[in-house]
Structure formats: structure tokens, C-alpha cells
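The residues making up each chain are set out below.
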Amino acid sequence: MIEFHLDPGSGVSPYMQLVRQVRHALRLDLLRVGDQLPTVKDVVAQLAINPNTVLKAYRELEHEGLVAPRPGVGTFVTRTLAGESLAAHGPLRQELRRWLAKARLAGLDDESIEALFMTTFRAASQEDIA
Amino acid sequence: MSAVLQAEGLGKKYGKRWALSGCTLDIPEGRIVGLVGPNGAGKTTLLNLAVGQIEPSAGSIRVLGGSPASGPEQLAKVGYVAQDTPTYAGLSIAEHLKLGARLNPGWDGALARERIERLGLDPAHRAGKLSGGQRAQLALTLGIAKRPELLILDEPVAALDPLARREFLQGLMEAAVENSLSVVLSSHLVSDLERMCDYLIVLVKSRVQVAGDVDELLAAHHRLTGPRRDAATLPADQHVVSESHTDRQSTFIVRTDGPIHDPAWTVGRIGLEDLVLAYMTPAPTRPTLEAIR
Chain A
1 MIEFHLDPGS GVSPYMQLVR QVRHALRLDL LRVGDQLPTV KDVVAQLAIN
51 PNTVLKAYRE LEHEGLVAPR PGVGTFVTRT LAGESLAAHG PLRQELRRWL
101 AKARLAGLDD ESIEALFMTT FRAASQEDIA
Chain F
1 MSAVLQAEGL GKKYGKRWAL SGCTLDIPEG RIVGLVGPNG AGKTTLLNLA
51 VGQIEPSAGS IRVLGGSPAS GPEQLAKVGY VAQDTPTYAG LSIAEHLKLG
101 ARLNPGWDGA LARERIERLG LDPAHRAGKL SGGQRAQLAL TLGIAKRPEL
151 LILDEPVAAL DPLARREFLQ GLMEAAVENS LSVVLSSHLV SDLERMCDYL
201 IVLVKSRVQV AGDVDELLAA HHRLTGPRRD AATLPADQHV VSESHTDRQS
251 TFIVRTDGPI HDPAWTVGRI GLEDLVLAYM TPAPTRPTLE AIR
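Line by line, the protein sequences give chains A and F. Going by my numbering, the first sequence wraps up at 130, each residue one higher than the last. Going by my numbering, the second sequence wraps up at 293, each residue one higher than the last.
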């Protein structure tokens with residue numbers, strides 16, 4: 001079982017924060033096939049949020065084929081995101097570390113690095129869409 | 001889907017002063033509705049009209065399809081936690097529950113006892129000896145155990161410290177899921193409502209400034225920043241909610257359903273708090289947008 005939390009200053013809508021936290025837990029193998037997600041009532045009682053927010057998040061995850069509801073019981077994980085991608089994390093992290101070291105050497109501070117990464121990331125994903 | 005609250009040109013006058021006027025609303029069922037506005041805007045008046053504690057001076061209001069307080073059946077459908085979560089100081093918690101059972105035909109005694117126990121309250125305790133947070137929880141328990149379809153709360157957490165406030169709202173949301181309640185609650189603090197409400201009503205100076213589904217409202221409002229220009233030069237489908245200018249720059253909050261094409265603008269999204277503040281800021285040129293879906 002995982003526990004949700006909300007970051008009010010993140011600018012990400014609460015339902016999307018819940019979706020991302022589940023995906024994140026799946027990627028890190030914290031949630032596995034057959035695991036149960038917290039019930040809507042539990043999430044609502046814990047975070048004091050609108051029940052529809054939780055329902056919307058769970059519907060989205062269901063739509064992505066990651067979870068499935070069992071009526072009267074709860075919502076369960078049906079697919080995991082860990083696996084092949086997890087194996088690739090190590091080498092990618094190493095490359096990223098080397099890149100970060102180069103960026104620092106070139107005189108970029110933390111903010112500039114983050115800005116450069118985000119603008120490149122956004123530009124690349126826009127090219128993918130186009 | 002049926003409406004939980006419908007108002008048409010609703011108004012209430014005290015002497016010569018309109019505490020609420022021209023209020024038109026159509027709130028769907030199953031929502032958590034936030035009613036925001038500064039103190040004295042007419043929030044309590046609207047809620048008192050909805051529960052039938054006062055009669056309208058103009059227009060009409062229907063709650064869950066019926067006229068407020070029109071009979072025992074209507075009274076049973078609507079729960080009300082009034083401002084400052086009033087309880088009887090001299091009565092014990094157990095006596096409050098007994099009173100609730102006597103006064104409410106649909107009373108759920110098991111739910112009430114279970115909730116009091118879960119809160120760790122001693123039924124023999126007098127309400128007068130409870131902390132503000134505990135008193136609010138007692139009032140909420142009474143409101144829930146009545147098993148209403150709609151629970152109305154007037155500034156329930158205004159006087160509570162942050163922890164008690166969070167615990168109260170957790171209990172409220174839990175009850176909303178468990179009993180499929182529709183909820184209307186008022187507050188002058190947007191931060192209280194932001195996580196919970198999926199429907200928002202902004203009331204300022206006795207008038208509804210804007211009302212609608214929170215996601216739709218957020219999608220339809222934008223912040224435009226760019227070189228200085230007059231509000232009158234904006235396209236007709238962009239309603240200016242608020243504006244501010246420096247000698248070179250203009251910033252507008254606009255409401256529009258269409259896209260914004262003008263390349264001169266930097267367009268940004270706004271949060272619920274900014275949206276509410278925009279409607280609260282006096283803007284003499286702005287036409288009042290009433291009851292937009």
C-alpha cells in the first residue's frame with residue numbers, strides 16, 4: 001500500500017499528482033501487480049480532498065491499463081512499469097552525471113542547468129508531437 | 001442529473017439594504033460546493049435562505065427539488081451546521097446525540113456513536129468543556145448522523161487552528177464519500193476550499209460574481225501580460241475580470257471559452273486563489289457575470 005501526499009504549490013492539478021505518484025511507485029517497484037491502492041474513502045480522509053479527484057485519478061490509471069477496480073473490494077494494480085526501463089536507469093543516470101559535471105565545468109549554476117534541461121526537454125517533446 | 005440548489009433572481013432585503021440580490025444558481029447534485037466571499041458579502045444570507053431559516057424578499061429558491069423548510073420531509077433532507085458550529089454548552093455529548101435522535105426521523109445512532117468514539121471523545125463530557133475543534137466535530141457528527149442528502153456548513157473552520165481545521169475537513173470529506181452527500185460550505189479562505197471543492201460560487205457585495213465547475217472555471221480564465229493597452233480593445237469574447245496597468249505594461253485576467261491568438265500577450269494560467277481574488281478586486285468597468293453555468 002502506498003500513501004499519497006499533495007504539493008499545493010506545484011501547479012500540477014491534484015488528480016494528476018495522484019496519477020503521477022502511482023506511476024512513480026510502479027516504476028520504482030514499490031507497487032506490484034496485485035497490490036491494492038488505498039480506497040477512495042481512505043485517500044479522502046487522509047488528504048481532505050474532493051472524492052471526485054481520487055475517482056478521476058483512478059479512472060485515468062484504469063484507462064492506462066495500470067489498475068482495475070474489483071467492485072466492492074477496491075482498486076488493484078494490474079500492470080507494472082518497472083522492468084526493462086528500470087534496468088536502463090543505471091547507465092542513463094551515469095551519462096546524466098557526466099553531462100552535469102560538464103555543465104558545471106562550463107560555469108552553469110543549478111538554476112541554469114535546470115532551465116536548460118527543461119527547455120530542451122520541452123522542445124524535444126514538442127518535436128515528437130509535431 | 002437533478003439540481004441540489006436552484007435559485008432564480010433570489011434576493012433578501014433587510015430594511016433598505018439588500019443582503020443578497022439577483023442571485024441565480026443551478027448547482028448539480030453530488031458536488032462539494034465552495035461559497036467564497038469577503039465577510040458581509042451575503043454568504044450566510046444565502047445559506048439561511050437555502051435551509052429556510054429566512055424567507056426570500058425576491059425571486060425563488062429550490063433545494064433538492066423542494067421549497068426550503070416546507071415540511072418534515074424537506075427538513076430531513078438538509079443538514080445545517082451554522083456559523084461557529086453551535087452546540088449546547090450545558091448538555092453532554094450523549095445528550096446531544098439523544099436530542100438528535102428525538103428531533104430527526106432518519107437519525108443514525110450507530111453512526112453518531114461510532115464517530116464520537118473514533119474521535120476519542122467521552123460521551124459524558126459537556127459540550128461547554130470541549131475545545132473548539134472538538135465542538136466543531138460534535139456539530140459535524142450531528143449534521144451527518146441526521147443522514148441528510150445535502151449538508152450545508154457556514155464557515156465551519158473559521159475559528160479553528162490548522163490541525164483542528166484539517167481534521168474537521170478530513171471528517172467532512174470522509175462523510176461525503178461514505179454517505180454520498182452533496183456539500184455546500186462557505187469560507188472566506190480559498191485555501192480551505194481549494195483541495196475539496198469541485199464547484200465554486202464567488203459572492204461579493206450581495207451579488208454572485210461567478211459560479212461554476214472548478215475545472216471549467218480554471219480552464220476558462222487566463223492571465224494576459226503585454227504592452228499597455230485599453231481593455232476596450234480586447235476581443236468581445238474576452239471578458240475582463242480584473243486589470244492593472246503600469247506606464248508600459250498591462251495585465252488582465254480574462255474569462256473566455258475561445259483560444260487567445262494575439263501574439264502580443266504572454267498567456268498564463270491562474271490558480272483558484274488568483275481567480276477568486278480577481279473577482280473580489282473592485283473593477284468599476286467590469287460588467288457583472290452572473291451564474292455562468
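Because the hints were derived from the structure by calculation, they are not lab data. Just so you know, not all the hints are guaranteed correct.
What the hints assert, rightly or not - SDA-like, lysine to any residue: derived pairs with alpha carbons at most 20 Å apart:
hint : chain 1 : residue 1 : chain 2 : residue 2
1    : F       : LYS13     : F       : ALA76
2    : A       : LYS41     : F       : ILE54
3    : A       : LYS41     : F       : ARG195
4    : A       : LYS41     : F       : GLU167
As the list claims (entries may be wrong) - Facing chain A, a subset of chain F residues (Cβ under 7 Å, in silico):
hint : residue
5    : GLU174
6    : ILE270
7    : LEU272
Said to hold, decoys possible - Listed next, the stretches of chain F that the computed footprint assigns to chain A, with coverage defined by at least 3 CB atoms under 8 Å from CB atoms of chain A:
hint : region
8    : 137–144
9    : 166–172
10   : 175–185
Glycine is no exception: its CB is placed at the ideal position from the N, C-alpha and C atoms.
**Prompt:** Does LYS41(A) pair with ARG195(F) here, judged by a C-alpha cut-off of 20 Å?
**Reply:** holds, 15 Å
**Request:** Between the region 137–144 of chain F and chain A, see if three or more residues pass the 8 Å beta-carbon test, and mark the coverage as holds or violated.
**Result:** violated (count 0)
**Request:** Compare the distance between the alpha carbons of LYS41(A) and GLU167(F) with 20 Å, and conclude whether the hinted pair is satisfied.
**Result:** holds, 14 Å
**Item:** Status of the hint placing LEU272(F) at chain A (closest C-beta pair under 7 Å)
**Value:** Since the shortest Cβ distance to chain A is 10 Å, the answer is violated.
**Request:** Go check the region 175–185 of chain F versus chain A for me, would you? Three or more residues, Cβ under 8 Å, otherwise it fails.
**Result:** holds (count 3)
**Request:** Below or equal to 20 Å on CA atoms is what counts here, so check LYS41(A) against ILE54(F).
**Result:** With Cα atoms ~35 Å apart, LYS41(A) and ILE54(F) exceed 20 Å; violated.
**Item:** Residue hint GLU174(F), partner chain A, criterion CB-CB below 7 Å
**Value:** Holds, about 4 Å.
**Message:** Verify this for me: three or more residues of the region 166–172 of chain F with a beta carbon less than 8 Å from a beta carbon of chain A.
**Reply:** holds (count 5)
**Asked** Is LYS13(F) close enough to ALA76(F), meaning Cα to Cα at most 20 Å?
**Response** violated, 27 Å
**Message:** Can you verify the interface hint for ILE270(F): is its Cβ closer than 7 Å to any Cβ in chain A?
**Reply:** Violated, about 11 Å.
Hints 1, 2, 6, 7 and 8, counting from the list given before, are not met by this structure.
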